[in-house]
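Trainee: Input sequences plus hints: build the corresponding full structure.
Numbering (the working numbering), first residue to last: 64 to 638.
If you're looking for bench data, these hints aren't it; they were derived computationally from the structure. By construction, the Cβ of each residue, glycine as well, lies at the ideal position given by its N, Cα and C atoms. Treat the hints with care, since some could be wrong.
[Stated by the list, open to error] Restraint ranges, calculated between C-beta atoms of paired labels, are given here:
#1 Glu546 to Ala384: 37 to 45 Å
#2 Arg507 to Lys298: 40 to 48 Å
#3 Gly542 to His591: 18 to 26 Å
#4 Lys298 to Arg486: 25 to 33 Å
#5 Asp111 to Gly254: 31 to 39 Å
#6 Ala153 to Ala325: 35 to 43 Å
#7 Asn157 to Gly613: 25 to 33 Å
#8 Asp87 to Tyr257: 47 to 55 Å
#9 Arg165 to Asp327: 24 to 32 Å
#10 Asp483 to Arg538: 30 to 38 Å
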Amino acid sequence: MAGPEQPLSFNLLEEGWIPVVYRDGSQGELPLGDVFAQAPRIRTIEGDARQQTFVLLRLLLAVLYRSHLDFTGTEADLRLFWKEAWGDGAFDLNTIDAYLDRFHDRFDLFDPEHPFFQTFGLRYVSKEYDSVGEMVADVPKPEKFLFSMRDQHHLDSLGFAEAARWLVFMQAFDPAGIKSPVAGNMHQKAGKVYAPQGALGTGVAGALGGIFVEGDNLFQTLMLNWVLYDSVRSKEHPLLGVERDLPPWEQDDCSCDMVIQAADEPYSPVGMYVAQSRRVRLVPDASAQVVRGVISCYGTVGSVLDKQHVEPMTAWRESPAQQKKLGLSHVPLMPLAHDPARSLWRGLGSVIAARGATGEQDLRPGVIRWIGALEDADVFEGASPLVTLHAQGMVYGTQSSVFSEAIDDSFAIPAMVLRDASRTRALAVQVVEQAANAADALGRFMNNIRRAAGDRSDASQYRAKTTRVKEEAFREMDGLCRECLRNLDKAEQDEGYFDAWRNGIRRIIWAIGHRSLSTMSVSYFEMHDKMSVGRALQLFEQSLDKELPGTSKRRQQKATYRFGQTMAEKEDEES
Numbered sequence: 064m065a066g067p068e069q070p071l072s073f074n075l076l077e078e079g080w081i082p083v084v085y086r087d088g089s090q091g092e093l094p095l096g097d098v099f100a101q102a103p104r105i106r107t108i109e110g111d112a113r114q115q116t117f118v119l120l121r122l123l124l125a126v127l128y129r130s131h132l133d134f135t136g137t138e139a140d141l142r143l144f145w146k147e148a149w150g151d152g153a154f155d156l157n158t159i160d161a162y163l164d165r166f167h168d169r170f171d172l173f174d175p176e177h178p179f180f181q182t183f184g185l186r187y188v189s190k191e192y193d194s195v196g197e198m199v200a201d202v203p204k205p206e207k208f209l210f211s212m213r214d215q216h217h218l219d220s221l222g223f224a225e226a227a228r229w230l231v232f233m234q235a236f237d238p239a240g241i242k243s244p245v246a247g248n249m250h251q252k253a254g255k256v257y258a259p260q261g262a263l264g265t266g267v268a269g270a271l272g273g274i275f276v277e278g279d280n281l282f283q284t285l286m287l288n289w290v291l292y293d294s295v296r297s298k299e300h301p302l303l304g305v306e307r308d309l310p311p312w313e314q315d316d317c318s319c320d321m322v323i324q325a326a327d328e329p330y331s332p333v334g335m336y337v338a339q340s341r342r343v344r345l346v347p348d349a350s351a352q353v354v355r356g357v358i359s360c361y362g363t364v365g366s367v368l369d370k371q372h373v374e375p376m377t378a379w380r381e382s383p384a385q386q387k388k389l390g391l392s393h394v395p396l397m398p399l400a401h402d403p404a405r406s407l408w409r410g411l412g413s414v415i416a417a418r419g420a421t422g423e424q425d426l427r428p429g430v431i432r433w434i435g436a437l438e439d440a441d442v443f444e445g446a447s448p449l450v451t452l453h454a455q456g457m458v459y460g461t462q463s464s465v466f467s468e469a470i471d472d473s474f475a476i477p478a479m480v481l482r483d484a485s486r487t488r489a490l491a492v493q494v495v496e497q498a499a500n501a502a503d504a505l506g507r508f509m510n511n512i513r514r515a516a517g518d519r520s521d522a523s524q525y526r527a528k529t530t531r532v533k534e535e536a537f538r539e540m541d542g543l544c545r546e547c548l549r550n551l552d553k554a555e556q557d558e559g560y561f562d563a564w565r566n567g568i569r570r571i572i573w574a575i576g577h578r579s580l581s582t583m584s585v586s587y588f589e590m591h592d593k594m595s596v597g598r599a600l601q602l603f604e605q606s607l608d609k610e611l612p613g614t615s616k617r618r619q620q621k622a623t624y625r626f627g628q629t630m631a632e633k634e635d636e637e638s
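Mentor: See below:
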């Protein structure tokens, strides 16, 4: 803060601004350095929007990478270093604090030369500043306040701590679209600034299907996401000790102009985690107590094409379309965005299974492969943790110029299942795919019932009803599948685990089919279009037999196995 004779200051190393939830349920706001010190006591970071967790974790990880530049060596050396740190249960604060002290003033929101995550002296060409609402994800335009949870009359300012959080969020997720020109921007056209054709218009995180791994506390979470090497993707691109990949607080010069990032940049995860996609300046009010406005324009514009060697926190997909468009000799990789209509577990294969369209590329997030590498090397020495795979991100609307939805979903899974050669992992992915196939069988059953009833209604109405029934199936399978994934360690010793899981899926699908049938006005004895209710039921049962091997109508009716029991315990209970 600022006194009567003091310059305005809000240093993120001294002021509380990162909101945390402790393991005992209490809450607090901590300076950046204190987060590392108290990480073993902290359960999670919980910001003004859930997606702030993702971007604040990436900021903390960037500090870890930069504060440990000298920690290099072979993969075995790096594993040993990581194992010892994990065993200590706390960070080496001497190393982290010494690094932060070197750049102390660069973490001040209002440093006179290098304000944190901002461009000193930035100003608009033709106006003073924008409302702080431009920074905040859940603030709509004035005409849409009816649908917002925020109070329109309390949006004229933000406290410094909240402004700092939204600043980090803005650099990561800001939508694309037309920007107002700032002095020094040489890319304006008719008083407007556009993202370069074919370039990334949103913040970097906005183009990702963000994934991070959570442990029992924030120390574990940061450690699990601190990928020190990647044997598959980073042999020629080390992740740790990359001196030239400077975060913004280490850079001396920052242009007001938009800069197109070189194709080989960034050089490490740091450049992805704290990318400065915008030129920004916070505008405090005259009292120097709050932020009144914001100035923002396009900044360092990069690409996410083929950045798998420096971006560990997203799954990837092969893009033949980009290969054709760019005339490349190889099929490039693009981040696999989250589908807001699907729970994370439904895309289990893309998160934990190593496969691509060609069957040759490993498209998992680097953080998942890192956990697998630690497990393969027995770093946890038999004490494999239960981890939570957490997805966060933003979905954009018209031309990526507005937010349309926010992503926040997670499921727990034993880390041991993420081993590269894990048979349990492969079987779990298979069952999730079979669950989707069973839902498709339910959809076909609904179509056959419609045929049996002689229903000639509009095809779009039928498709909508079928979609609703399938989504109902996924909602009802949700609890079962999350529980089964959480307890996959039991599958290592229980041969009946996956059959029991499939039986549970079959019970749900079968019940929904019969429930839906009971609501329809259709005779069991009439036939239309070569289809009757009896025939539809027969085909439905055959489909479930095929899609869910090891189950049958008789077996699924008898199965009452509860996950958490072993099959032996179940047999003892029945006897």
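Trainee: Please go over all the hints and tell whether each is borne out by the structure.
Mentor: Verification of the hints:
no., hint, verdict
1, Glu546 to Ala384: 37 to 45 Å, "holds (38 Å)"
2, Arg507 to Lys298: 40 to 48 Å, "holds (47 Å)"
3, Gly542 to His591: 18 to 26 Å, "violated (37 Å)"
4, Lys298 to Arg486: 25 to 33 Å, "holds (27 Å)"
5, Asp111 to Gly254: 31 to 39 Å, "holds (33 Å)"
6, Ala153 to Ala325: 35 to 43 Å, "holds (38 Å)"
7, Asn157 to Gly613: 25 to 33 Å, "violated (56 Å)"
8, Asp87 to Tyr257: 47 to 55 Å, "holds (50 Å)"
9, Arg165 to Asp327: 24 to 32 Å, "holds (27 Å)"
10, Asp483 to Arg538: 30 to 38 Å, "holds (33 Å)"
Of the numbered hints given earlier, the model fails hints 3, 7; all others are met.
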